[in-house]
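A.B. asks: Numbering (this note's numbering), first residue to last: 1 to 184.
Any given hint could turn out to be false.
[What the hints assert, rightly or not] Pair ranges (Cβ atoms, derived):
#1 Ser45 x Lys136: 32 to 40 Å
#2 Thr35 x Gly64: 14 to 22 Å
#3 Asp148 x Arg179: 18 to 26 Å
#4 Tyr180 x Thr111: 18 to 26 Å
#5 Asn60 x Ala120: 16 to 24 Å
#6 Gly48 x Val178: 29 to 37 Å
#7 Thr35 x Ala124: 35 to 43 Å
#8 Val178 x Thr35: 17 to 25 Å
#9 Ser45 x Ala123: 33 to 41 Å
#10 Arg50 x Ala124: 25 to 33 Å
#11 Asp168 x Gln54: 29 to 37 Å
#12 Tyr180 x Ile105: 17 to 25 Å
[Stated by the list, open to error] Cross-link-like lysine-lysine pairs, in silico, DSSO-like; alpha carbons within 27 Å at most:
#13 Lys160 x Lys136
#14 Lys57 x Lys36
#15 Lys160 x Lys57
These are computed hints drawn from the structure, not numbers from a lab. Here the structure is a predicted model, which means the values were calculated and not measured. All residues carry an ideal CB built from backbone N, CA and C; glycine is no exception.
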Amino acid sequence: MNRREFLIGAGTMAVGACGLLLPDVAAARTDDFWTKDRVLDIRRSQTGERARIQFFKDGNYISGAYQQLCYMLRDVADRNAMVSMDIGLFNLIWGAQEWARMAGIPDPYYTANSGYRTPAHNAATEGAARNSLHIKGQAGDGKLRGLDPNRFGAMLTYYKVGGVGIYDGFVHADTGRVRYWRGA
1 MNRREFLIGA GTMAVGACGL LLPDVAAART DDFWTKDRVL DIRRSQTGER
51 ARIQFFKDGN YISGAYQQLC YMLRDVADRN AMVSMDIGLF NLIWGAQEWA
101 RMAGIPDPYY TANSGYRTPA HNAATEGAAR NSLHIKGQAG DGKLRGLDPN
151 RFGAMLTYYK VGGVGIYDGF VHADTGRVRY WRGA
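With these hints in hand, go ahead and build the complete structure from the sequences.
C.D. replies: Okay, structure coming up:
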């Protein structure tokens with residue numbers, strides 16, 4: 001999926017099945033939502049690191065900021081290994097975070113439990129798919145402060161960007177094919 005396809009698909013955002021009430025749904029449906037500057041507020045659960053990273057400004061991605069986000073989603077369990085993550089994943093998380101802000105949720109930072117996984121770490125992770133999108137830098141597991149996993153998952157599901165798995169305490173999001181599931 002290219003950037004334009006993602007922006008068009010995500011630009012149709014509305015309240016959907018999650019039941020969140022937005023202050024101005026019509027404004028969120030326009031392309032203006034997706035042309036805004038983007039700051040992702042992200043925290044890493046294992047290390048406690050937290051950063052507010054502006055990765056999109058004046059219609060352009062910021063290379064250094066993108067690298068910072070990739071670092072935040074590194075494999076902290078396997079020598080801090082890092083890859084180039086799919087920018088669509090950062091857009092997806094930002095979209096949900098901005099939606100939460102518009103809904104009046106204070107400080108809805110994203111806590112990342114997992115992002116990139118090395119093949120060795122993935123193989124050692126119970127229940128992980130052999131060809132997990134974590135290995136390809138296309139997936140993240142985490143939660144959005146102020147939202148339970150069901151509501152966060154429903155927001156991500158609305159975008160129809162990739163896979164969304166809702167688990168107790170966190171949500172898996174990826175930029176692969178569109179699919180949905182509930183985990184244990």
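A.B. asks: Next step is simple, just say for each hint if it's right about the structure.
C.D. replies: Verification of the hints:
1. Ser45 x Lys136: 32 to 40 Å: 22 Å, violated
2. Thr35 x Gly64: 14 to 22 Å: 21 Å, holds
3. Asp148 x Arg179: 18 to 26 Å: 21 Å, holds
4. Tyr180 x Thr111: 18 to 26 Å: 21 Å, holds
5. Asn60 x Ala120: 16 to 24 Å: 36 Å, violated
6. Gly48 x Val178: 29 to 37 Å: The hinted range 29 to 37 Å holds for Gly48 and Val178, with Cβ atoms some 33 Å apart.
7. Thr35 x Ala124: 35 to 43 Å: 42 Å, holds
8. Val178 x Thr35: 17 to 25 Å: 24 Å, holds
9. Ser45 x Ala123: 33 to 41 Å: Given range 33 to 41 Å: violated, Cβ gap about 22 Å.
10. Arg50 x Ala124: 25 to 33 Å: 27 Å, holds
11. Asp168 x Gln54: 29 to 37 Å: 32 Å, holds
12. Tyr180 x Ile105: 17 to 25 Å: 23 Å, holds
13. Lys160 x Lys136: 19 Å, holds
14. Lys57 x Lys36: 7 Å, holds
15. Lys160 x Lys57: 24 Å, holds
Hints 1, 5, 9 from the earlier list are contradicted by this structure; the remaining hints agree with it.
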